[in-house]
Amino acid sequence: MLCSICQKNEAKVHLTQIVDDKMQKIDLCEECSKAKGVTDPAGFSLADLLLGLGTSQEAEARPAAKPGELTCPTCGLAQSDFKKSGRFGCPQCYVTFAEGLPVMLKTMHRGLRHAGKVPQAFRVKREPVDQIKLLSRRLEKAIESENFEEAAQLRDQIRALKQQAPSAS
Amino acid sequence: MPGDLQQFLSQPSEAAARTGPLDRIVFSSRVRLARNVQGFAFPGWAKKPERVRSLDVIRGAVEQVAPMKEGFSSPMDGLSGLEKQILVERHLVSREHAAKSGGSGIVLNRSESLCVMINEEDHLRMQSLRPGLQLREAWKAIDELDSALESRLPFAFSQELGYLTACPTNVGTGIRVSAMLHLPGLVLGEQVNKTIQSVNKLGLAVRGLYGEGTEALGNIFQVSNQMTLGESEPEIVERLNKVVLQMIEHETNARQKLLEEKPKVLLNHIGRAFGVISNAFSISSKEAMNLLSMVRLGHDMELFPDQSRALFDELFLTTQPAHLQRGHPGKLGAEERDLLRADLLRERLQGVSRPVVPKPPSPPADAAGSAGIGGGI
Ligand SMILES: [Zn+2]
Ligand SMILES: [Zn+2]
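Residue numbers (numbering that gives the first Met the number 0), protein chains in the order written: chain A, 0 to 168; chain B, 0 to 376.
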C-alpha cells in the first residue's frame, strides 16, 4: 500500500478518524508521518492533515477592515473577520451583527430563542406570569421524559412563584 | 496556589479504580458549559494584555467559590509541556487549551471532577467529569458551580439568545453533554458506521478519543450534542442519555451476536491481543490502545476472571506518551517510548493468566455419554 501523501513510499502508519460522520482511513509512510507529527495520537488531527493545516497559529496581525464594512464599535471586529474565523470578538458583536444572525442560527440550532438557564441577575426582570408559563412548560416536558427529580423541583418553583404573585395563578 | 501538578493529580491506579453505573461500556460522562464575562473581548480576539487581565479576574473568582476550594490553579505558562499533555490524556483539558500559554489558565478541584479552562475559545469552559453513565449528576454538579460563579462574574447573557459565546454554534445554553463509550463489538461487527450515522441524524456528534478530528483509538468514541439554542439543559441531557442507553444496547447486542455467530473469530482477536500485549518488547501507543481494547472486551466476557477491570483501564492511561514520559529525565523519542511501553505492559500483565476458554454451549439434554465421562456424582 502506498502512502496517501507522497504516493511514493510504502505506507507504515495507518490511521482511522471520524471525519464528516464517517470513519476514514489514511495510510502514511514513516517519513510523512514524522513530517506531519503523527507519532502521538493526541497531537494531531486528520482533518487538519487533510486540509493541509498545521497547528493553529494565533493571528496577532489583523488586516484593517475594508472601508464602509460593518464593524463592531466595541471590539473592532469586522464582518470579514467573522467570515474568516466564524468567531465573534465580544458579546456586543451579537448586537452589531444581529441582522444576519437568525439565518445562520437556524442552520445550527433547534430553535432561535434561549430556553435554558437564566442567571439570577437576569431572572428578576421576567414577569412572574411569564416565568410560571415557562416553568410549567418545562414541568410538562420533565414529566413526559419521566425525569421526576427535575419535575419536583419545577413544581416547587412554580408553587413559590404563585405565592409571591397570587394574581398570576 | 500554583503547586506541583503531578503531586496534585491522583495516581493512574486510583483514577482507573473510580467506578460508575454501566462503566462496562461507558468510560465517562461529561458536561461542559461555555461562559463569557461582560467587559472583555473574547479570548480569540483580545490582545494578550487584555487576556492576561481577564485571566487574573476570572481565576481569582473561580479559586474562591466553594466547589473549587483546595483545588489546583495555574496559568498555562506555569505548566510544562509534559504537564499539559498529562492533563489532555486525563481528559481534563482540551488539546486546544493545552496549546495555550500566557493569558490562559486552569483551575481544577480537589477530586478532579470539576475543571475550569480559562481563556480557551471562551472566557470560561467549565466541565464536570464522572465515571460511567452519570450525565444528570454531571449536569447537576456543573450547574451548581455555574450558579456559584455568576454572583462573582457578570456573565454575558441576552434574554433572547442566552449565554453569548465566541462561536455562535455554542450560544444559548453553552452546553456540551458527552459520554465516552467503548464500542469494540460494533467495530468488530462492522456496524459502527451505521450507528454513527443514525446518531448524527439526531443532531448528535460522534468523535474520536481526544475530541474533534481525532482518531477513534482503542474503539473509544465520544458522543455529544451539537445544538445549544432552543432547548433547556435538562432536555439536552435527557436526549443524550436516551441515545447513550440505546448505543449501550446496540453494543451489547453486537457482542452477543459475535459470540453466537463467530465465537472463534472473537476469541482469536482477544487471545492474540493478550499474547502480543503481554509479550511485546516494543509497542506503539496506537497498537497498545487497540490491543487493550480487545483485552478489556475479554474482561467484560469474563475471560480474565481473576482480574479487575481497573488494571486494564489504568494501562489505557499509563501507556499514553506523556504518562510514560513521567519520571524520566530527558525527552524520550517515540522509539524509546515504544520500548518503555512494552516493558510496562509486560510487567503489569505478568500476573494475569491467559484468557480462559469459555465453555461451549451446553449440549442438548439427550446427548448421550456425558454422565459416563463426567463421572463424579
Ligand atoms: Zn509518504
Ligand atoms: Zn464586538
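Everything labelled a hint here was simulated from the structure, so no lab data went into it.
Heads up, some of the hints might be wrong.
Stated by the list, open to error - With a cut-off of at most 20 Å between alpha-carbon atoms, the simulated SDA-like pairs for lysine to any residue come out as follows:
(1) A:33 with B:66
(2) B:285 with A:12
(3) B:139 with A:118
(4) A:140 with A:163
(5) B:46 with A:154
(6) A:140 with B:201
(7) A:82 with B:43
(8) B:241 with A:147
(9) B:47 with A:11
(10) B:139 with B:46
(11) A:11 with B:201
(12) B:200 with A:120
Hints, verified against the model:
| no. | hint | result |
| --- | --- | --- |
| 1 | A:33 with B:66 | 43 Å, violated |
| 2 | B:285 with A:12 | 10 Å, holds |
| 3 | B:139 with A:118 | 15 Å, holds |
| 4 | A:140 with A:163 | 24 Å, violated |
| 5 | B:46 with A:154 | 47 Å, violated |
| 6 | A:140 with B:201 | 18 Å, holds |
| 7 | A:82 with B:43 | 14 Å, holds |
| 8 | B:241 with A:147 | 15 Å, holds |
| 9 | B:47 with A:11 | 42 Å, violated |
| 10 | B:139 with B:46 | 35 Å, violated |
| 11 | A:11 with B:201 | 37 Å, violated |
| 12 | B:200 with A:120 | 37 Å, violated |
Violated hints for the displayed structure, listed by number in ascending order: 1, 4, 5, 9, 10, 11, 12.
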